[in-house]
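Assemble the complex: chain S is given as a structure, and chain R must be docked to it using the hints.
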Amino acid sequence: MNAGPGSKEDKKIKLSIDLVLDLYSSLLIEIWEIVSSLIGEAILSLLLNLTTQKLKDKYPFLASLKITEEGIAWNKVREECRTLSPIEAHRGFQSLINHLFHLFSALAEGVISRELFPKVFPKVKEAERILFPK
Amino acid sequence: MSFEIKEIAESAGTNLSNLFDFSSFAVFWKEGPTLYLYQDESCPPSFTQEVKKNIAQVWSVLGEEQIDVDRMDLQIEKPKLKPRAFNIDSQATLKSHLTLPLAIEGEIFGCISINSEQSNAFDAQDLQFFSVIGSQMATTLKHFQRFSSVKTMAIYDTLTGLFNRRYFEERLGVEAQKAFYGGASLSLVMIDIDHFKKVNDTFGHTEGDKVLREISSLLKTSVRKKDTVARYGGEEFILILPEAGIEESLMIAERIRRLVENGPFEVGRARINLTVSLGISNFPTHRAKSKEELVKMADQALYDAKRGRNRVCIYNPVSH
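In order, the protein sequence lines correspond to chains S and R. FYI, the numbering used here numbers position 50 of the first sequence as 50, with every residue one higher than the one before it. For the numbering used here, add 1000 to where a residue sits in the second sequence, where the first one is 1.
FYI, nobody ran anything at the bench for these hints, they're computed from the structure. Note that this is a predicted model, so its numbers are computed, not measured. Just so it is clear, CB atoms sit at the ideal spot from N, CA and C, and this is done for glycine as well. Among the clues, some could well be false.
[Stated by the list, open to error] Reference excerpt, derived from the structure (chain S facing chain R, CB under 10 Å, subset only):
#1 L38
#2 G40
#3 A42
#4 L47
#5 K125
Here chain S stands alone, though its shape is the one from the complex (with noise of 0.2 Å):
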């Protein structure tokens, strides 16, 4: 039997997709706050934009993230979301932050990871570790 709405499960469910979209947004918030004073906010969003635009065949909620140089818009990506598995939504972004890193490393090799992975990696692990408890 499917769980309705309002059900226990259901409400499981919202539950854990809110903190996947939690912890990533406050990750990618990280990352655009480290990345943007190196690179500025325009180069920044070209590349966000790129990424979610490579990415959406597979992860097709990653293009509603609205990206301006103003920063990203979540409103929508939460609506979309409210469908979706964690696990989905874990993976899509983690596969995003995945094509970032290697974007930023084709570019500068060592210079934005150098300063991103003191801030953000101690992040991504945090954000496992509540995602997946062991």
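Same frame as chain S, but now just chain R:
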């Protein structure tokens, strides 16, 4: 690579050398099907090759088309960047780089990079400076690109690629000044395609436009370097021939008449013969007092030529 882009790249390269310690500065630029790489003179070929490969790789990582480095049509400009002279070992290899996309409004049109033969040559502060310069450069390049397309639209006739009437008026002003005040000779040749309406009516306007383009290119190749060929309107063209007397103008006009007459022109699936009529006016021979009068005289000579068609007439004050 256009003159403006070279100027901007050279200026950026020169200024960057005062800010960073690097081995080479490169600008990678896509203009139509051609990819340009701008790099300073002192780069040894092996280093250039590595920069080329690296920048092409970044280009494809950025989601642009894959580039086969060995096959790409790459034009390498190597100016000397001043004031600093780069001295790279001929055996040097590329060890580190900073590369940024040149983009405006989400459109990537190139990349810039600074490259070094030293490992870990750049730090976060270098990247900050470089990104500011990169975004300034992107804005300037885009501005020049827009400016040059506006400039092109303002002086060229879009159908034929010849100068437009507006540019003709402007150019004539300059040449008339030189002639009237400097005493040099100046001729105008006004040209009209005979029975052009028939071409449009029989084959349609698309084919008519094709004929206009063919005749335009024939005109361009029939004149001297210093002459101006413009579309005057419809199927009428005008030539400004500075320092050309009556005889020389007549020679040019006759050459054009014969070339058109010997056609034939491909229109749709047919091949047709066409002719043109041409009228010549000249300063000082015809004693025009203004550029407007000189144009009017060429027009009147054309009117005379039109009475028989497929001929060249020189302005004759008696018949007007």
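Cross-check of the supplied hints:
Of the supplied interface hints, the one on L38(S) holds, with its beta-carbon coming within about 5 Å of a beta-carbon of chain R, less than 10 Å. Hint status for G40(S) relative to chain R: holds, with the closest Cβ pair at about 5 Å, below 10 Å. With a cut of 10 Å, the hint placing A42(S) at the interface with chain R holds, because the nearest CB-to-CB distance is about 6 Å. Given the 10 Å rule on beta carbons, the hint for L47(S) holds: about 8 Å separates it from the nearest Cβ of chain R.
The restraint placing K125(S) at the interface with chain R is violated, with a minimum CB-CB distance near 23 Å, outside the 10 Å limit.
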